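Start from the sequences and build out the full structure, keeping to the hints where you can.
Here the protein sequences line up with chains F and R, keeping their order. Okay, so the first sequence: first residue is 0 according to numbering that gives the first Met the number 0, each after it adds one. Okay, so the second sequence: first residue is 0 according to numbering that gives the first Met the number 0, each after it adds one.
Quick caveat, the hints were computed from the structure, so don't treat them as lab data. Treat each hint with caution, since some may be false.
Stated by the list, open to error - A few chain F residues facing chain R, derived, Cβ under 7 Å:
#1 I225
#2 K231
#3 P233
Unchecked claim - DEER-style ranges, computed between Cβ atoms:
#4 R:L12 - F:E302: 57 to 63 Å
#5 R:E37 - F:G260: 19 to 25 Å
#6 F:N293 - R:L12: 47 to 53 Å
#7 F:E92 - R:H22: 50 to 56 Å
#8 F:G138 - R:Y23: 33 to 39 Å
#9 R:L12 - F:R6: 46 to 52 Å
#10 R:Q36 - F:G182: 30 to 36 Å
#11 R:E11 - F:M253: 37 to 43 Å
#12 F:Q21 - R:L12: 32 to 38 Å
#13 R:L25 - F:G46: 37 to 43 Å
#14 R:E11 - F:L61: 37 to 43 Å
#15 F:I206 - R:Y23: 48 to 54 Å
#16 R:Q36 - F:I243: 50 to 56 Å
#17 R:E37 - F:M253: 44 to 50 Å
Unchecked claim - From the derived model, a few chain F residues whose C-beta atoms are all more than 10 Å from chain R:
#18 L9
#19 Q62
#20 H74
#21 W202
Nothing here was measured: the structure is a model prediction, and the numbers come from that model. Ideal placement from N, C-alpha and C gives every residue a C-beta, glycine not left out.
Chain by chain, the residues:
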Amino acid sequence: MNNRYARQSLFLGQNTQQRIQQAKVLIIGVGALGSASSEMLARAGIGHLTIVDRDYVEWSNLQRQQLYVETDVHHKLPKAIAAKQRLEQINSEIIVEGIVKDVHGLNIETLMQGHMIVVDATDNFETSLIINDAANKKGIPYIFGACVGSYGLTLPIVPGETPCLHCLLHHLPMDTMTCDTVGVISPIVQVTAAYQVTSVMKWLSGIPLEPIVQSVDLWKEEQAKIHVSKLKNPHCLTCGEQPIYPFLQLNQQMKVGVLCGRDAVQLRPGQSYKYSLEQIAENISKQVKHLIVNPYLLSCQFETYRIVFFEDGRAIIHGVSDPMLARVVYNQFIQIGGSGQRVQV
Amino acid sequence: MSITVNGRKQLELFQNVQQLLKHYGLENRIVVVEVNQEIVMKENYEMTSLSKGDVVEIVHFVGGG
Ligand SMILES: [Zn+2]
Chain F
0 MNNRYARQSL
10 FLGQNTQQRI
20 QQAKVLIIGV
30 GALGSASSEM
40 LARAGIGHLT
50 IVDRDYVEWS
60 NLQRQQLYVE
70 TDVHHKLPKA
80 IAAKQRLEQI
90 NSEIIVEGIV
100 KDVHGLNIET
110 LMQGHMIVVD
120 ATDNFETSLI
130 INDAANKKGI
140 PYIFGACVGS
150 YGLTLPIVPG
160 ETPCLHCLLH
170 HLPMDTMTCD
180 TVGVISPIVQ
190 VTAAYQVTSV
200 MKWLSGIPLE
210 PIVQSVDLWK
220 EEQAKIHVSK
230 LKNPHCLTCG
240 EQPIYPFLQL
250 NQQMKVGVLC
260 GRDAVQLRPG
270 QSYKYSLEQI
280 AENISKQVKH
290 LIVNPYLLSC
300 QFETYRIVFF
310 EDGRAIIHGV
320 SDPMLARVVY
330 NQFIQIGGSG
340 QRVQV
Chain R
0 MSITVNGRKQ
10 LELFQNVQQL
20 LKHYGLENRI
30 VVVEVNQEIV
40 MKENYEMTSL
50 SKGDVVEIVH
60 FVGGG
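This is the structure:
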């Protein structure tokens with residue numbers, strides 16, 4: 000036994016420290032917020048941390064995504080894998096599970112299974128609403144957090160007690176909102192994640208979480224704190240009397256989404272597959288440049304596009320912002336790569 | 000002295016919550032607004048007038064992380 004948690008136990012008490020070490024926490028998204036909160040939670044000794052992310056490490060991440068280093072960019076490591084490696088270096092006494100996946104309405108409930116609390120560190124509202132639906136359906140508390148620029152906000156959601164994220168929306172956010180190509184500075188990431196992690200620690204200490212939406216703008220030196228229990232909507236489709244969890248309904252069609260501010264489009268097949276990346280690499284090697292294959296993804300230059308193709312058939316195509324064109328490129332790529340190289344899962 | 004918004008003095012005068020939101024460019028955003036510790040529902044933004052000494056808190060939702 001070492002005394003790595005001594006200072007924390009002095010503050011939280013031995014009982015809470017034990018609960019922390021037995022806790023299973025899910026962090027969805029391990030970009031800026033997820034890097035910050037998973038590092039804090041790993042150092043705190045959370046027994047089992049599950050981190051899910053759909054993306055891989057790029058140069059533009061290093062300015063604020065604290066778990067990643069330059070070699071992760073060179074190897075094009077998926078964030079969930081690079082984060083797992085780093086977190087295990089930080090604390091080898093805990094279990095870290097890294098899952099490379101795009102969270103959607105059909106896989107979220109399975110991902111959440113068995114976790115005591117969920118930290119929302121995604122970069123888009125659409126996924127937050129899916130997490131909100133699943134958390135309420137399964138009765139798992141969930142800590143919303145988001146930040147852009149020098150501004151961030153958090154809100155703890157406790158199913159059956161507090162309003163949910165859906166209650167707080169008087170209209171659905173437009174695409175333009177999540178696709179703001181504004182910048183962000185790292186201090187606000189730390190502050191927002193700090194609020195989220197504090198909520199997790201309080202919950203594990205047995206302290207009830209209050210429905211307070213808290214916001215900070217570090218640059219403008221402004222802050223707000225609003226108690227929102229009044230906004231709980233009895234007719235809410237997610238947490239009301241007759242919930243239908245609208246964001247968990249997802250059709251089986253190929254889903255195509257423009258990635259914010261990156262001149263890129265993500266395509267995700269409605270059916271989940273498992274492709275042989277080596278086989279595809281062999282088939283396409285003559286027609287592409289800068290081919291990189293690791294156990295999780297394949298990256299290459301195909302015509303004027305940079306394609307990152309994941310084992311499950313999902314792809315991110317750079318150099319295109321038109322969803323239709325992205326579909327065409329995807330289909331061409333699959334044809335050359337050989338769609339025979341896949342099995343349904 | 001006028002009103003306080005998110006902890007800062009706001010010297011300009013605004014007739015109502017709707018105008019204040021417009022000033023901050025938040026009229027089409029998802030927001031929660033509180034005036035003197037009371038949440039103002041969206042349908043009441045226009046008819047909720049603001050006067051000297053009011054303490055307003057505004058939180059707007061963003062996607063990003
Ligand atoms: Zn609700």
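Practice task
Provide an ascending list of the numbers of those earlier hints which the structure does not satisfy.
Solution key: Hints 2, 3, 5, 6, 11, 12, 15, 16 are the ones this structure does not satisfy, whereas the remaining hints hold.
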